[in-house]
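J.: Just so you know, the protein sequences line up as chains A and B, in that order. According to our numbering, the first sequence holds residues 96 to 441 in order. According to our numbering, the second sequence holds residues 12 to 333 in order.
Hints are computed from structural coordinates only; laboratory data are not their basis. All residues carry an ideal CB built from backbone N, CA and C; glycine is no exception. Wrong hints could be hidden among the right ones.
What the hints assert, rightly or not - Label-pair ranges, simulated between beta-carbon atoms:
| # | chain 1 | residue 1 | chain 2 | residue 2 | range |
| --- | --- | --- | --- | --- | --- |
| 1 | A | 270 | B | 235 | 46 to 56 Å |
| 2 | A | 435 | B | 205 | 53 to 63 Å |
| 3 | B | 244 | A | 337 | 40 to 50 Å |
| 4 | A | 344 | B | 205 | 43 to 53 Å |
| 5 | A | 155 | B | 275 | 23 to 33 Å |
| 6 | A | 374 | B | 244 | 26 to 36 Å |
| 7 | A | 332 | B | 244 | 32 to 42 Å |
| 8 | A | 374 | B | 205 | 36 to 46 Å |
| 9 | A | 361 | B | 205 | 27 to 37 Å |
| 10 | B | 235 | A | 361 | 24 to 34 Å |
| 11 | A | 157 | B | 275 | 30 to 40 Å |
| 12 | B | 235 | A | 438 | 49 to 59 Å |
| 13 | A | 374 | B | 257 | 40 to 50 Å |
Stated by the list, open to error - Which stretches of chain A does chain B cover? Using the computed rule of at least three CB atoms under 8 Å from a CB of chain B, they are:
| # | stretch |
| --- | --- |
| 14 | 98 to 108 |
| 15 | 350 to 356 |
| 16 | 385 to 399 |
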Amino acid sequence: MRIDLSLLSVHRMIFHEIPLPSETEQLELTEVETQADDELKAFVLRRITAGLTKHGFDIVFEPEINRTTYDAVKALLSESQSQFLERSWDLARQLHTAQTRKVSPGLLMVATTMNGALPGTAVIKIERDEGLSLSAALTDGHKSFSVEHLKNLMFTDRTRLYKIAYFQADPGREGSPLGVHADLQRSWSTRNQAASEFFLRRFLGCRPTETPAVTNKRYFEAGVSFINTVDDPERRGKYLMDFQSDIQSNRGTVNPNDFIANYVDRSDRQRFADHFKEQDIDPSLTFVKDTALIKNQIRKAKWDFESGIVLMGTQDAFDAHVETESLQDGDLRTTITDRLKQVSGK
Amino acid sequence: MASRATVQPIRDEYERVKSSYLDLARVVVRRLKTGLKRHGIQADIQYRVKDADSLVKKIYKRKYSALSDVTDLAGVRVIVKTTRDHKNACSIIEEMYEGAPVQDKTKELGDKLMGYRGVHYQVSPRCRRPALSGLSCEVQVRTRAEHLWNDFSHELFYKSDLVIPNDLRRPFQRLVALVEIFDSEVMRTMDALAQEPAGASWSLLQQLETHFVHLVDDRYDRELSLMLLDSLAELVQVEAQIDVSEIDQFVTDQEDKLKEVFYRQGRLQQTNPFILQPEAILIWHLLDTRLHDITAVWSNNWDLDLLSELATIWGLSIPGQD
Numbered sequence: 096m097r098i099d100l101s102l103l104s105v106h107r108m109i110f111h112e113i114p115l116p117s118e119t120e121q122l123e124l125t126e127v128e129t130q131a132d133d134e135l136k137a138f139v140l141r142r143i144t145a146g147l148t149k150h151g152f153d154i155v156f157e158p159e160i161n162r163t164t165y166d167a168v169k170a171l172l173s174e175s176q177s178q179f180l181e182r183s184w185d186l187a188r189q190l191h192t193a194q195t196r197k198v199s200p201g202l203l204m205v206a207t208t209m210n211g212a213l214p215g216t217a218v219i220k221i222e223r224d225e226g227l228s229l230s231a232a233l234t235d236g237h238k239s240f241s242v243e244h245l246k247n248l249m250f251t252d253r254t255r256l257y258k259i260a261y262f263q264a265d266p267g268r269e270g271s272p273l274g275v276h277a278d279l280q281r282s283w284s285t286r287n288q289a290a291s292e293f294f295l296r297r298f299l300g301c302r303p304t305e306t307p308a309v310t311n312k313r314y315f316e317a318g319v320s321f322i323n324t325v326d327d328p329e330r331r332g333k334y335l336m337d338f339q340s341d342i343q344s345n346r347g348t349v350n351p352n353d354f355i356a357n358y359v360d361r362s363d364r365q366r367f368a369d370h371f372k373e374q375d376i377d378p379s380l381t382f383v384k385d386t387a388l389i390k391n392q393i394r395k396a397k398w399d400f401e402s403g404i405v406l407m408g409t410q411d412a413f414d415a416h417v418e419t420e421s422l423q424d425g426d427l428r429t430t431i432t433d434r435l436k437q438v439s440g441k
Numbered sequence: 012m013a014s015r016a017t018v019q020p021i022r023d024e025y026e027r028v029k030s031s032y033l034d035l036a037r038v039v040v041r042r043l044k045t046g047l048k049r050h051g052i053q054a055d056i057q058y059r060v061k062d063a064d065s066l067v068k069k070i071y072k073r074k075y076s077a078l079s080d081v082t083d084l085a086g087v088r089v090i091v092k093t094t095r096d097h098k099n100a101c102s103i104i105e106e107m108y109e110g111a112p113v114q115d116k117t118k119e120l121g122d123k124l125m126g127y128r129g130v131h132y133q134v135s136p137r138c139r140r141p142a143l144s145g146l147s148c149e150v151q152v153r154t155r156a157e158h159l160w161n162d163f164s165h166e167l168f169y170k171s172d173l174v175i176p177n178d179l180r181r182p183f184q185r186l187v188a189l190v191e192i193f194d195s196e197v198m199r200t201m202d203a204l205a206q207e208p209a210g211a212s213w214s215l216l217q218q219l220e221t222h223f224v225h226l227v228d229d230r231y232d233r234e235l236s237l238m239l240l241d242s243l244a245e246l247v248q249v250e251a252q253i254d255v256s257e258i259d260q261f262v263t264d265q266e267d268k269l270k271e272v273f274y275r276q277g278r279l280q281q282t283n284p285f286i287l288q289p290e291a292i293l294i295w296h297l298l299d300t301r302l303h304d305i306t307a308v309w310s311n312n313w314d315l316d317l318l319s320e321l322a323t324i325w326g327l328s329i330p331g332q333d
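This is chain A alone, in the form it adopts within the complex (with noise of 0.2 Å):
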């Protein structure tokens, strides 16, 4: 279920530095919140539902795994925030404890929102970022630039280095609130798995609402009936092997609208989106990768013979098409039960 982040407004906010657990570097933990004028929470606020929006996927607590942070957000969403100081102070210690030397240290910023009238709250973990300030000079009469090297920037417009999760209260439900998640540096590739996992199960002690392997399976099996129907067998053809080549690659994270807008031909692209809509998919959420439960159907194998003639085709395919039969003079029968689509090259 997607929340409608369109009625967010940011109130307030705390920011806390969180180094990396060591024996010479402890946790200062920040006392007074951050004083915070319209335009620095307008910003905030871009900044959380454009990430949210674009990457974020619903997660769920699981409390028998850490409560520290459950139970921080429930009394941020349930007090009348007098105890937001203290719940900082708790999740920021929540993260430093969960932080190994295997991820970056950098700051956590914790803030209150409503959205339209159900109060949220926002943790986010934020790396710095470097850049270059350029301003016009000029050098001896002549027009130059001075620059300056710019090492304490964060959450700019291009940067990826920050994980948000929102939560907020259930309407008409008491119990766990409803939760979406979103790490920019998982979206972009598997080789960050570990920094990821942390955030969402050591830190917050969440997982994904709905197991990513079988919301992985729908996914791909809606994407194959709907290439099925295309007419045309050569931009079938490609469909396939762009869908199954995407699926397979280092990306953490998968946004059926964003496979769509790169591989799809112009005239195919609302008629493939309104198809998962039908197999009650959204195509505009994002999902964990995890293809465990469709290894079979995307992992391809290759023969390749003597002659020079190669068959190629999924495991499942030539399970399912492929019969072969030992000769004594150590030739392989190879026999192929199926409908020919097509002969090029003749």
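Given the coordinates of chain A, assemble chain B onto it according to the supplied hints.
T.: For chain B alone, coordinates are given in the frame of chain A:
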């Protein structure tokens, strides 16, 4: 016959209640703005209370014997763009003030004479304040062309005691006819344009403007609206023509959210020119229903970051953008 002895007490009485008439006019303006806005009618609404010196002059001219004889102590003028808006505005006022006496100048003129064609209502809104109870306000409804003529002719002809000579009556009537023709041709042209394929953008904008006026209390740039709608031509014209009822349904379903989003955005400094424009309604509807189509067409003419920002404001994201 009016005399200083009879006029002075009336004037004194008026001076005592003048502030109440001012408050009454403001109440009527506020309610009319809400009522017309709800139906998407754009109108310029002006109000005034009669100046005490003007009251004295009117008493002498019309031979009034009591303050209650004067019906336009508080006056509100509703100026609309077209005869269609005029008709709709009158319907709304008649619904709001059921049973209010009405003076239709067109009916008074009949078919043969030409002249001022405004409609005047005498409204007595229900108010909690005792001081306003029983007071009435004149509401005039005119088109812009009628208003221009009325202002001009009032200045030139009615403030003077001169009787118009016969040889000037004909030019006078031609001027009046010009006003009627202007209004009539405006409506005819608008209706014809709506039927043209190239007029699809214009026709759609009319619909969007009606909703925008209802949702937002702000001005917008019409030229920019038409530029954007023309750039989305393949989505709004001919075979792919957007059904206007889709827009109506979208606004009905999302009214609260649209009002809140427009309100919030209206309080921010904007660098995106489309956020506080009627076409934002269409863009959000297309982002909801035809995301890939609008994304593909948009980038031919406009920076995709603008569409991305509009999407984020609505709680969505553009595919392929990070």
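J.: Decide, hint by hint, whether the structure agrees.
T.: Tested hints:
1. One distance hint, 46 to 56 Å for the beta-carbon pair residue 270 (chain A) and residue 235 (chain B), holds here, with the actual separation near 48 Å.
2. For residue 435 (chain A) paired with residue 205 (chain B), a C-beta distance near 55 Å keeps the hint of 53 to 63 Å intact.
3. Between residue 244 (chain B) and residue 337 (chain A) the beta carbon distance is about 30 Å. The supplied range of 40 to 50 Å is therefore violated.
4. The hinted window of 43 to 53 Å between residue 344 (chain A) and residue 205 (chain B) holds, with their beta carbons roughly 50 Å apart.
5. Separation of residue 155 (chain A) from residue 275 (chain B) is about 30 Å and conforms to the stated range, judged on CB atoms against 23 to 33 Å.
6. Checked against the given bound of 26 to 36 Å, the beta carbons of residue 374 (chain A) and residue 244 (chain B), roughly 32 Å apart, stay inside it.
7. Between residue 332 (chain A) and residue 244 (chain B) the Cβ separation comes to about 34 Å, which falls inside the hinted range of 32 to 42 Å.
8. The given range of 36 to 46 Å is respected by residue 374 (chain A) and residue 205 (chain B), whose C-beta atoms sit roughly 39 Å from each other.
9. In this structure, residue 361 (chain A) and residue 205 (chain B) meet the distance hint of 27 to 37 Å, their C-beta atoms being roughly 30 Å apart.
10. Between residue 235 (chain B) and residue 361 (chain A) the Cβ separation comes to about 26 Å, which falls inside the hinted range of 24 to 34 Å.
11. Distance hint check for residue 157 (chain A) and residue 275 (chain B): the Cβ-Cβ separation is about 35 Å, which falls inside the suggested range of 30 to 40 Å.
12. Against the hinted window of 49 to 59 Å, the Cβ-Cβ separation of residue 235 (chain B) and residue 438 (chain A) comes to about 55 Å, which satisfies the hint.
13. At roughly 23 Å, the beta carbons of residue 374 (chain A) and residue 257 (chain B) sit outside the given window of 40 to 50 Å.
14. Requiring three or more residues with a Cβ within less than 8 Å of a Cβ of chain B, the coverage given for the stretch 98 to 108 of chain A holds, as 5 such residues are present.
15. For a cut-off of 8 Å, the count of residues in the stretch 350 to 356 of chain A with a CB near a CB of chain B stands at 5, and the three-residue condition holds.
16. For the stretch 385 to 399 of chain A, the proposed coverage by chain B is not satisfied: 0 residues have a C-beta within less than 8 Å of a C-beta in that chain, short of the threshold of three.
Against the hints set out earlier in the document, violations occur for numbers 3, 13, 16.
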